[in-house]
Each structure stands twice: as C-alpha cells, then as structure tokens.
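Reconstruct the complex from the two isolated chains, following the hints.
The primary structure of each chain is shown beneath.
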Amino acid sequence: MHEMSLCESVLRLIEDSAESNHFSKVKTVWLEIGSLAAVEPEAMRFNFDLIMKGTLVEGAKLELIEVPATAWCTACEKDVEISQRYDGCPCCGETGLTLSSGDEMRIRELEVV
Amino acid sequence: MCRVCGCGEGETTIEGREHRHDSHHHNHREQTHGGHIHDYGQGAAHAHAPGMSQSRMVQVEQDILSRNNQYAATNRNHFVSHRILALNLLSSPGSGKTTLLTKSLVQLQREFAVAVIEGDQQTANDAECIRATGVKAVQINTGRGCHLDAHMVGHAVESLQPEKESILFIENVGNLVCPAAFDLGEARKVVILSVTEGEDKPLKYPDMFHAADLMLLNKIDLLPHLDFNVEQCIENARRINPGIRVICLSATTGEGIDGWLQWLNNERDLLTASDQVSAEG
Numbered sequence: 001m002h003e004m005s006l007c008e009s010v011l012r013l014i015e016d017s018a019e020s021n022h023f024s025k026v027k028t029v030w031l032e033i034g035s036l037a038a039v040e041p042e043a044m045r046f047n048f049d050l051i052m053k054g055t056l057v058e059g060a061k062l063e064l065i066e067v068p069a070t071a072w073c074t075a076c077e078k079d080v081e082i083s084q085r086y087d088g089c090p091c092c093g094e095t096g097l098t099l100s101s102g103d104e105m106r107i108r109e110l111e112v113v
Numbered sequence: 001m002c003r004v005c006g007c008g009e010g011e012t013t014i015e016g017r018e019h020r021h022d023s024h025h026h027n028h029r030e031q032t033h034g035g036h037i038h039d040y041g042q043g044a045a046h047a048h049a050p051g052m053s054q055s056r057m058v059q060v061e062q063d064i065l066s067r068n069n070q071y072a073a074t075n076r077n078h079f080v081s082h083r084i085l086a087l088n089l090l091s092s093p094g095s096g097k098t099t100l101l102t103k104s105l106v107q108l109q110r111e112f113a114v115a116v117i118e119g120d121q122q123t124a125n126d127a128e129c130i131r132a133t134g135v136k137a138v139q140i141n142t143g144r145g146c147h148l149d150a151h152m153v154g155h156a157v158e159s160l161q162p163e164k165e166s167i168l169f170i171e172n173v174g175n176l177v178c179p180a181a182f183d184l185g186e187a188r189k190v191v192i193l194s195v196t197e198g199e200d201k202p203l204k205y206p207d208m209f210h211a212a213d214l215m216l217l218n219k220i221d222l223l224p225h226l227d228f229n230v231e232q233c234i235e236n237a238r239r240i241n242p243g244i245r246v247i248c249l250s251a252t253t254g255e256g257i258d259g260w261l262q263w264l265n266n267e268r269d270l271l272t273a274s275d276q277v278s279a280e281g
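Residue numbers (our numbering), protein chains in the order written: chain A, 1 to 113; chain B, 1 to 281.
These are computed hints drawn from the structure, not numbers from a lab. Keep in mind that this is a model prediction, so the values were computed, not measured. The reader is advised that the hints may include incorrect statements.
Examples of chain A residues lying across from chain B (beta carbon under 10 Å, computed) [to be verified]:
1. His-2
2. Ser-5
3. Cys-7
4. Ser-9
5. Arg-12
6. Leu-13
7. Val-26
8. Lys-27
9. Leu-31
10. Ala-38
11. Arg-85
12. Tyr-86
13. Thr-95
14. Asp-103
15. Glu-104
Glycine is no exception: its CB is placed at the ideal position from the N, C-alpha and C atoms.
Excised from the complex, chain B in its bound form (with noise of 0.2 Å):
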C-alpha cells in the first residue's frame, strides 16, 4: 500500500499491475501544517482537569482534500508545460461515454494526437474498445473506489505519455456523485447525460453539474420513443450553473458530434493561445 501518496489499500491498478510505488514521478512536497499545539498541560483538552491525562490539541486546519489537490496541481503543470488539452469526462453508467469517444476518435486522430486514460472499478473492457480505434489508452481499475483520483491519474499520464499538444480523455468511473469533489488536473470537465435518464438529473447531482464546463446530452435520437423534455433538463442545468455549455448529440447517429468536436477544437485554439500569450509575457 502507499501511504506517501495516500491511495487506496492496494486496489488500485494500472493496467493490471498493482499501484507501484518506486516509479513515482510526483514530489512527494513536504507537507507544511503550521500545527501550532495548543498545550493544554496535565489536563485533558477542553475538560480543564489538570492531572487527569496528558492530552493536548493540536490544530491541523487543512482541507481533507489537500492531497489530491497537490497531485492535481503537478498533473495541471505537466499538461500546461505540454501544451496538453486535458478533459474529465463524467456521468452515470451507461450514459454512452464510452461509444461517444470510440466515434470522436476516430475522426479526431486524423487531426491531433489522441491519448485516453480509462476510470473503472473492474475489467479492462474500456481500454480495449479505445485502442481498438488505434488511438493509446491505459486503464486504471480503482478497486472499491468510486472515483479517480490526482495521484492515480499522475501515475497514468507516467505509464501512458501522452503527447505533447495532444488531446487526453480521462473518462472518470460513471458515477455523478463522488468524482465532482476530485480534481484531477484537467482543463475542462465535461458531464455527459443521456436522454435516458430524466430531466432532474441536474438537479439531483447538483454538485457534478456546478462543477461541469461543458454538459453533452447524449442519445438523442432516442427523444422520439421517450417523454424526455430537452429544454427543460438545459433549464434544470443552468440553474445550478448559468455558464454551462449544452451541446446535444447522438454518439449512435452522429447528430451534434460536429458540434462536440469543435468544442473540442475550440478549446485546443484556448491553449495555443494563452500559451502565446504567456511566450510573448
């Protein structure tokens, strides 16, 4: 198990291989805590009562996510330095993530250089459906965890090497819940919703959807065999998040993936630019 970095108890795998934990590529930082200790003498804390233990308080004052946030800083560095479009993709299980991205890869690696690192607790099913489009991809099993986390997917990147100016999928495990809290580095999270599964989703996973940049909302050449109101579910985003981006597509039919992919596009202009900008500062 690696206690330096805090991952899970050895459930972790990359790709099959247990969580190694002698090729680290992360500055494992010394960790300052301030810590001032409270010396509270012969009394045990808040009770006053001096001769009745040793105890004494110690403020620690640190956010329980401090760690994954230091991981997700040197990731964000690495793709910053790479010029490396970095994007979460998050969403429930059988949202079509998965057939979303085996479509955009396929027209996407005629243009840019295209790496995927795959989230999910078991199998390996995912990377192969993504290399199978000849595009490179590794997988991260996380075991009993519900999420991906900065430090598995620093130890990615490591395995994977994505390229420099190249575009990186990190498909998140489908979960709308727990991986909203976990940043991991990216440039952009971008939820994914099908039309399969109710308008309030927004609403009842506000925290994914304030934390989204980009909401796709798949499947919707289902919409005719469904009573799944469109507008109302955009509605339902923007109120949890005026400044989300809605693109509606089909990964099935192709319909909005023009529109998905210059997004894509788009953002991948963002980067070029500001680091021109940061080059001529």
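Next comes chain A alone, as it looks inside the complex (with noise of 0.2 Å):
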C-alpha cells in the first residue's frame, strides 16, 4: 500500500543523486528490497511507472533485487535463513532470533546517460 511513497522517496534520491553526479536521464534502477519489507513487488513496479512519468527516471528499468531474510540465533551462534519475522530458528528451534537482514529498503544504484 505504501508503494506509492516509497516510489516517490526513490525519485527524490535519484534527483538528489542526479544533481551531484550530473545525469538527465536514467535506464535502470537497482533496487534492494528485503523480503520482510511488506513490500509487494508488483505494487512497486506499477507505482514506479507512475510515479517516474514526466521525470528524468520515466521509461527506466526497475530491476529489484530481493535480500533473504536472515536472524541471529544465540544458540547456534550463527546467522539462519527464516521466512517470517517470528520464525524459530530452523537449526535448533531456538525463538526470539534478532534479525540481521531482511527488512531494508535500499537504492543500490542506477544506470544513468
């Protein structure tokens, strides 16, 4: 649901980015989402065209790449995968894991002309 304002965070950063780095135009933005990050790949990708219209990113690419979710369990003494925020440790059972990664939300780069 939020989609639409996190497309509209996107372009201020790559205005931002675009002042200081000196582009007009850009082809790809690379995108890190985490897979905790309640956000829905589809709703992105439909704001993101929405939202770039009439800008220097109109007609770029979204690539979004999707960042496991992973927590640190104190038993193990080591990162695990999980899929869920309350998710035992899939080692040892072990519940309560800190999350490591997962729930960002990140611009790693774009392509620009």
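Given below as structure tokens:
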C-alpha cells in the first residue's frame, strides 16, 4: 500500500543524485528489498511507472533485488535463514531471534546517461 | 508540490490548508550521497560494449526512507529539547483509538499540558472530537497516503506548537501495515488492538507489533460476547516482540484506563529523569 510513497522517496533520492553526479536520464534502477520489508514487487513496479512519468526516470527499468531474511540465533551462534519475523531457528528451534537482514529498502545503484 | 521535502503531490493538507513550503522549519540538510561514479566509458553498463551508448553506473547505496529518517531525527531533537513526550498511536481503523484518546485526555489534561496530531486520509472529524475535550489538536489529511511521515508531522508540530513538557499524541492513519515503517520522531510507538479484531492480528501484521513498545488491548467490555482468547493474543504479540508491554482496557467503561495513565506517567518520569541525568552529566 505504501509502495507509492516509497517510489516518491526513490525519485527524490535520484533527483538529488542527478544533481551531485550530473546525469539527466536514468535507464535502470536497482533496488534492494528485504523479503520482510512489506513491499509488494508488483505494486512497486506499477507505482514506479506511474510516479516516474514526466521525470528523468521515466521509462527506466526497475530491477528489484530480493534480500533474503536472516536472523541471529544465540544458541547456534550463527545467522540462519527465516521466512517470517516470528520463525524459530530452523536448526535448533530457538525462538526470539534477532533479525540480521530482510527488512531493508535501499537504492543500490543506477544506470544513467 | 513540495519537491524539496518529498511530500506527496500536494495532497497532504494540515487542517484544510494545502501544505505550504514557505513556512518550513526543517533544515533541508545537504544530502551527501557519496555517489562514487563508476564510469564505464563508451559502453553500456554491464554490457561492456564500447561504442554502444554513453551510460554509466552511479552507486547510490541509500536507504529509501533516509529522508523520512532525517525529518524524524529533527522532530525527535525538538521533542527531546522541549521535554515533550511524543507517542505514535497505531491501529487498524475502528479499534477505538479516538474514543480512547478523548477519554484519556479528559483525565490527563487536569495534570499535564497535552496536544494531539490527528492523521486521516480525509475529514477533520477526529481533530474536532479532540478539540471538544478542550485539548488543542491539528488534523493532517494525507489524501492518497496511507500513513503519516516525519515531514508531515514536522509541519503539524510547527502549526500546533505543543508546550514544553507536554504529552503529544500522534494518532496515525488507521492501518496496521505502512505506518510501521515510518519513524515520526516519537519516543514510543503504541499499538491499539481491539478484541473485535481477532487474536491473530499480531501474527498477520508482525512488522507493526514488532515495532511497538506497548500494546493496548481495547474493548475488553465486549469479551463476554466474543470468542476472543486474550492470553493467546498476548502470546502472539510476544512471539513477535518478546519485550512488548500489554495493557487490557475498555475506553467505553473505563476499566484498565488507570494502567494506561500510569504507563504515561512513568514514561514522562523517565523523560524527565533522563533529562536530569544529561543535565548533570
């Protein structure tokens, strides 16, 4: 639901970057989205096209890189992959794990001209 | 439209006025993007085919919410320096947030300065309900937006001018998904869940319950008429967030309200105590 404002934020950051890095057109945008970031890829693509219309990002390709969710298990002393926030450790069943990755929403890089 | 701050397409209004940019109190800090440019020369990026195009790669490596987070930090500094206890109230629509708030305000305003920021997509109904209690309130209408962001709240604070040492309630848009991601600069997030909603809400909307410091379980006067397992609900919330505090109450009958008011009192004391520590330090 908030994909629209995320796309607006992406546009603002790209506009800032355009000023400091001197480019006038964006061809590709790479975003890293954690699998627990509550971002729907389809909604993101739909809103991306809509929001970028009439801007330097219009027509750019959106590449979404899904970052898998991992959490630190204190019992196993390692990061384990999880699919939900409340998942226990898949190795030992320990609960209350601390999320290490999976909730990020980042602009990684741009292909510009 | 406010391009500099990144607010919506002119749809956000603060109590009937379109958001105006000339009254800004924010520092639009110079954004430093690092932005190492990887020049791929004549070739298209990733294609390494010289002569094909002029495109190059720019590494941005920035959090999409970094702007919101900067505004949130500005708000937080303002709240801390004015010893304002700012609380972000979150829930789904119809959980009884506004009723709970109006009931609480009647008692709170005898002791404290209180102010309210109301967030809804449309109408100023909620701010009017709050003002009827004698407490000052400002309404933010987000238009298409499904959550408040730190920038809107900064403007609302500017317009509302909450007093020093007051309690500021920020009633977010009724929505258990999006508001979880947007820091407003609050001291605490309070999620309100009503027993008419189902005890698995914390599992269905884990981000919200993970982000919250306190869960208020509202409408407990209706429990005799419902098939709602309070213990199961609390267990679900703690599965997501082992440290979450829980208070069961009914805004309608007043049962449990004292516990909530006590929690507010404690939070105010904590704020003052940390202030004294920093003053002594």
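Cut-off 10 Å, beta-carbon criterion: hint that Arg-85/A touches chain B: Since the shortest Cβ distance to chain B is 4 Å, the answer is holds.
Hinted contact Tyr-86/A with chain B - closest CB pair below 10 Å: The hint holds - Tyr-86/A has a Cβ within 10 Å of chain B, the shortest such distance being about 5 Å.
Would you settle whether the hint for His-2/A is holds or violated, based on the nearest Cβ-Cβ distance to chain B being less than 10 Å? This interface hint holds because 4 Å falls under the 10 Å limit.
Holds or violated: Asp-103/A as interface residue toward chain B, Cβ cutoff 10 Å? Because about 8 Å separates Asp-103/A from the closest Cβ in chain B, which is inside the 10 Å limit, the hint holds.
Checking hints one by one. Is Ser-5/A an interface residue toward chain B, by the C-beta closer than 10 Å rule? 6 Å, holds
Tell me if Glu-104/A is really an interface residue toward chain B, meaning its C-beta lies closer than 10 Å to one of theirs. Status holds, d = 7 Å.
Does the closest beta carbon of chain B sit nearer than 10 Å to the beta carbon of Lys-27/A? 6 Å, holds
Holds or violated: the hint that Ala-38/A contacts chain B, with Cβ atoms closer than 10 Å. Interface hint status for Ala-38/A: holds (6 Å vs cutoff 10 Å).
For the hint on Cys-7/A, just tell me whether its beta-carbon gets within less than 10 Å of chain B. Since the shortest Cβ distance to chain B is 9 Å, the answer is holds.
Given a cut of 10 Å on the nearest C-beta pair, is the interface hint for Thr-95/A held or broken against chain B? Interface hint status for Thr-95/A: holds (7 Å vs cutoff 10 Å).
Is the shortest C-beta separation between Leu-13/A and chain B less than 10 Å? Result: holds, 6 Å to nearest chain B Cβ.
Let's test the interface hint: is any C-beta of chain B closer than 10 Å to that of Ser-9/A? 5 Å, holds
Checked against the numbered hints above, the structure violates none of them.
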